[in-house]
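**Q** One-letter residues, chain by chain:
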Amino acid sequence: MSLIAGRRGFVMKCKRINKLILTDYIDGNLRGDDLKEVELHLGSCPSCRALAQDLRGASKLFKGAAHQEVPSEIWYRIRNELSAAPVRRNFREAVLAHVRYHLSLLKPAVVMACAAALLLFVLAAIQFMPYRDQPGTTIAQDDILAISYTGIADEEDGPEYDFGTSVETFFL
Amino acid sequence: MAKSTIEAAASGDMTAFEEIYKQCSQTVYTIALGITRNRQDAEETTQDVFVKVFREIKNFRFDSSFGTWLYRIAVNTAINVYRKRTRNGGTSLQYDELKDTRTVAPVIQRQDAERHDASKRVTALLDNLSPEHRSCIVLREIEGFDYNEIAGVLGIPLNTVRSRLKRAREALVAYCRKEGIRYEM
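Taken in order, these protein sequences are the chains called H and V.
The first sequence begins at 0 in our numbering and counts up one residue at a time.
The second sequence begins at 82 in our numbering and counts up one residue at a time.
In short, the hints are calculated from the structure, not lab data.
Treat the hints with caution; some may be incorrect.
[To be verified] Residues from chain V that face chain H, not an exhaustive set, calculated with beta carbons under 8 Å:
| id | residue |
| --- | --- |
| 1 | S85 |
| 2 | E88 |
| 3 | D94 |
| 4 | F131 |
| 5 | I223 |
| 6 | L246 |
| 7 | K247 |
We put the CB at the ideal spot given by N, CA and C, even for glycine.
With the rest of the complex left out, here is chain H (with noise of 0.2 Å):
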């Protein structure tokens, strides 16, 4: 009697084996005492060990099977059938999506290059760049530096500023 209990113990056990090494085990998610479980009963049950090893040789002709070359006319053909039915798309947020994906594709490497070039750039043409009068001021600032280092021009030395009439104050 207890040797029927026995045999029919390791067969409910050989069934619940058997669901661990159709899942779990072949796809090496086991971990801890389960791996340690199934192991130890691949050791002594055949037919358990018979199903494992056939499992591993129906996943290596799958992966033989793997990574199917695509034709290289399904792109044409999609990009045919696109292009004879186009979708519309709101052109504000299409403008931005490109513009924001073509950043994207630059490397940080160029935009930081970029960025110092174009940084150096405005450095230089503020360095460089000859002086120019404000709009809306009506004296020159190199004249009144002139007016400042020698304090009344002479008539001999430079031009005559005379700004006591309304008249030439609007016309200047």
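Take the given structure of chain H and dock chain V to it, following the hints.
**A** For chain V alone, coordinates are given in the frame of chain H:
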């Protein structure tokens, strides 16, 4: 897949969409070939999938991974194409037809022949499964997806992934034993 690429494709940028195609087409094609087991159907499926993706990508909300979303479209489209063909009494063609290898180097010829042999066996194995079990096996064995990814792509609970894989593998092993298919270990 970069978010900016998906957004650009969603706004109609063909360069960005081509980038998506380059990154995902091989997986889509392999899934389609695994489920339909027919090159012509796999090509048709791949084309349909990317046309659908281009039209629907503007509705993608980044709630799940883009790959999960795209491969779910691929699995559903492939199952539909397969069912349509079997309803119309179509026959299953070879998974991998023999190529003309006369002008190819001997090493490549041997590799091609080995691959062809493996492909023929895979065709025979997959023929014994329903499209649902087949898609599970293709995602796991050929594409190497883990259980969570398979659950996401097929839209089924994790335990259903386990039970489908179990039944599919039982069927595969039974077929191999019946046909005397041997594997090099």
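**Q** Please go over all the hints and tell whether each is borne out by the structure.
**A** Verification of the supplied hints:
no.: 1; hint: S85; in the structure: holds, 4 Å
no.: 2; hint: E88; in the structure: holds, 5 Å
no.: 3; hint: D94; in the structure: holds, 5 Å
no.: 4; hint: F131; in the structure: holds, 5 Å
no.: 5; hint: I223; in the structure: holds, 5 Å
no.: 6; hint: L246; in the structure: holds, 5 Å
no.: 7; hint: K247; in the structure: holds, 4 Å
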